[in-house]
Amino acid sequence: MFKDKNIPKHVGIIMDGNRRWAMERNLLTFEGHLKGYQKMRESKEWFFARGVEIISYFAFSTENWNRSREEVNYLMKLLEEALQKEGEEAVEKGYKVLISGRIDELPGDLPELCYDAMNKTKPGRNGTINICLNYGGRAEIVDAVKKIFKNNIELEQIHEGMIRKHLYNGDLSDPDIIVRTSGEERISGFLLWESSYAELMFMKKFWPEFEEHDVNLILEEYGRRKRRFGGDWKTEIGIEKAETRS
Numbered sequence: 001m002f003k004d005k006n007i008p009k010h011v012g013i014i015m016d017g018n019r020r021w022a023m024e025r026n027l028l029t030f031e032g033h034l035k036g037y038q039k040m041r042e043s044k045e046w047f048f049a050r051g052v053e054i055i056s057y058f059a060f061s062t063e064n065w066n067r068s069r070e071e072v073n074y075l076m077k078l079l080e081e082a083l084q085k086e087g088e089e090a091v092e093k094g095y096k097v098l099i100s101g102r103i104d105e106l107p108g109d110l111p112e113l114c115y116d117a118m119n120k121t122k123p124g125r126n127g128t129i130n131i132c133l134n135y136g137g138r139a140e141i142v143d144a145v146k147k148i149f150k151n152n153i154e155l156e157q158i159h160e161g162m163i164r165k166h167l168y169n170g171d172l173s174d175p176d177i178i179v180r181t182s183g184e185e186r187i188s189g190f191l192l193w194e195s196s197y198a199e200l201m202f203m204k205k206f207w208p209e210f211e212e213h214d215v216n217l218i219l220e221e222y223g224r225r226k227r228r229f230g231g232d233w234k235t236e237i238g239i240e241k242a243e244t245r246s
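At position 111 of the sequence shown (counting the first as 1) the number is 111 in this note's numbering, and the numbers step up by one without a gap.
If you are wondering where the hints come from, they were derived from the structure by calculation, not from laboratory data. Just so we're clear, the structure is a prediction, and the values are computed from it rather than from any experiment. Take the hints with a grain of salt, since some may be wrong.
In silico DSBU-like cross-links for lysine-lysine, where the CA-CA straight-line distance does not exceed 30 Å [as the list claims (entries may be wrong)]:
#, residue 1, residue 2
1, Lys204, Lys5
2, Lys35, Lys226
3, Lys226, Lys93
4, Lys150, Lys77
5, Lys147, Lys204
6, Lys226, Lys205
7, Lys146, Lys226
8, Lys226, Lys85
9, Lys146, Lys93
10, Lys35, Lys122
11, Lys205, Lys120
12, Lys77, Lys205
13, Lys5, Lys93
14, Lys205, Lys150
15, Lys93, Lys77
16, Lys205, Lys9
17, Lys9, Lys96
18, Lys5, Lys205
19, Lys147, Lys205
20, Lys77, Lys120
21, Lys150, Lys96
22, Lys204, Lys77
23, Lys147, Lys122
24, Lys122, Lys85
25, Lys77, Lys122
26, Lys147, Lys96
27, Lys35, Lys204
28, Lys122, Lys150
29, Lys146, Lys204
30, Lys150, Lys120
31, Lys205, Lys35
32, Lys9, Lys147
33, Lys93, Lys165
34, Lys226, Lys204
35, Lys5, Lys147
36, Lys5, Lys226
37, Lys146, Lys165
38, Lys96, Lys77
39, Lys96, Lys120
40, Lys165, Lys120
Build out the structure end to end from the sequences listed, making use of the hints.
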């Protein structure tokens, strides 16, 4: 369907609305998170099948620690299960798993599971799954600056490329489009540095309601966008050339 169309290489997903989806159905909050995780597992296959190479999921932010202890504990257990399953499945399917965030501050065995999943899936060439875990866009930039200072890099050597190099996974290409579900229209610190020229798309449905046809809608919408990266709009539509000829 999208063979001859412009497919985004990197899609970012803010998986929002799990709790509200559950509350609207008189379900426990935990059931919303579980359903959201199941959608994450399904959706990566839908995107990869259509030619997307990288998917970044906003799984847990640095602000999410402010939720109730019961909810945070459940989410940590769910993330532990997810990392084990994703790592095993990624090896089988040739996917690469990356974790972006303050990994070492995670509780229990989670840091070890994160590094294990990344190490085991390094050879993956069939798609990259970037899980943003204990992640914040401002925190990422702060941590990059700290690494630069720690490495005693001279002032004259600091430029955009240097900062990018010290991001959590700076070798990843920038997201081409960022999608947020649930109707909220903000990015909440998701990939702040990397999203400078990302297209933004906001969907009203909650993340647990996300279906395969929604991937088609995202790709179709992306195909309609005109990305100028700060260039002159007149050049893009040919006005400048027409004026020169006249």
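Given the proposed pairing of Lys5 with Lys147, does the C-alpha separation stay at or below 30 Å? violated (40 Å)
Tell me if the straight-line CA distance from Lys35 to Lys204 falls inside 30 Å. holds (17 Å)
Distance restraint between Lys226 and Lys204, which requires alpha-carbon spacing of 30 Å or less: At roughly 23 Å apart (the allowed maximum being 30 Å), Lys204 and Lys226 satisfy the hint.
Pairwise hint evaluation, Lys93 against Lys226, where the allowed Cα distance is 30 Å at most: Violated, because 34 Å separates the two Cα atoms, which is more than 30 Å.
Satisfaction of hint between Lys122 and Lys77, Cα-Cα up to 30 Å: holds (24 Å)
Holds or violated: Lys77 with Lys205, Cα cutoff 30 Å? holds (26 Å)
Can the restraint linking Lys35 and Lys122 be considered satisfied, given a maximum Cα separation of 30 Å? Measuring from Cα to Cα gives roughly 28 Å; hence the hint holds.
Is the Cα-Cα distance between Lys146 and Lys204 30 Å or less? violated (38 Å)
Given the hinted pair Lys122 and Lys85, is their alpha-carbon gap at most 30 Å? holds (16 Å)
Pair hint outcome, Lys204 versus Lys77 [Cα-Cα no greater than 30 Å]: holds (28 Å)
Satisfaction of hint between Lys205 and Lys147, Cα-Cα up to 30 Å: violated (39 Å)
Can the restraint linking Lys226 and Lys85 be considered satisfied, given a maximum Cα separation of 30 Å? violated (38 Å)
Hint violations for this structure: numbers 2, 3, 4, 5, 7, 8, 9, 11, 14, 19, 29 and 35, all remaining hints satisfied.
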